[in-house]
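Put together the whole structure using the sequences plus the hints.
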Amino acid sequence: MYIAHTRAHTHILFALFNFQSLLAIILMMICTCAYIRLILPNLMDRNKKGFLGVFWKFARIGERKSPYVAACCMLMSISILFWT
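Numbering (numbering that gives the first Met the number 0) for the sequence shown: 0 to 83.
Keep in mind that the hints were calculated from the coordinates and are not lab data.
Hints should not be assumed to be uniformly reliable.
[To be verified] Between beta-carbon pairs, the in silico distance windows are: (1) 70 to 21: 15 to 25 Å; (2) 20 to 56: 31 to 41 Å; (3) 41 to 81: 35 to 45 Å.
The beta-carbon is built from N, C-alpha and C at its ideal position, and this holds for glycine as well.
This is the structure in structure tokens:
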């Protein structure tokens with residue numbers, strides 16, 4: 000159990016130091032937060048400040064820049080599929 004936890008923890012840390020993985024995580028956060036705000040707007044709107052305000056900001060980026068976010072998601076998926 001401890002070994003599996005250590006391996007998972009190592010992969011998460013590796014994603015933070017690898018630029019392509021960091022971009023993929025940021026894009027997934029933007030898309031996820033925008034979707035959650037679409038489904039449950041009150042959940043995001045009441046947490047505009049503090050640590051949870053980061054998720055509200057991700058949702059705003061996803062809403063306002065959705066064509067650019069979609070293009071970045073497509074480019075990232077092509078990059079992961081063919082160049083990784």
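Hints and how they fare:
1. In this structure, residue 70 and residue 21 meet the distance hint of 15 to 25 Å, their C-beta atoms being roughly 18 Å apart.
2. Distance hint for residue 20 and residue 56: a CB-CB separation of about 21 Å, inconsistent with the stated range 31 to 41 Å.
3. Look at residue 41 against residue 81: about 41 Å separates their beta carbons, and that is inside 35 to 45 Å.
Checked against the numbered hints given earlier, this structure breaks only hint 2.
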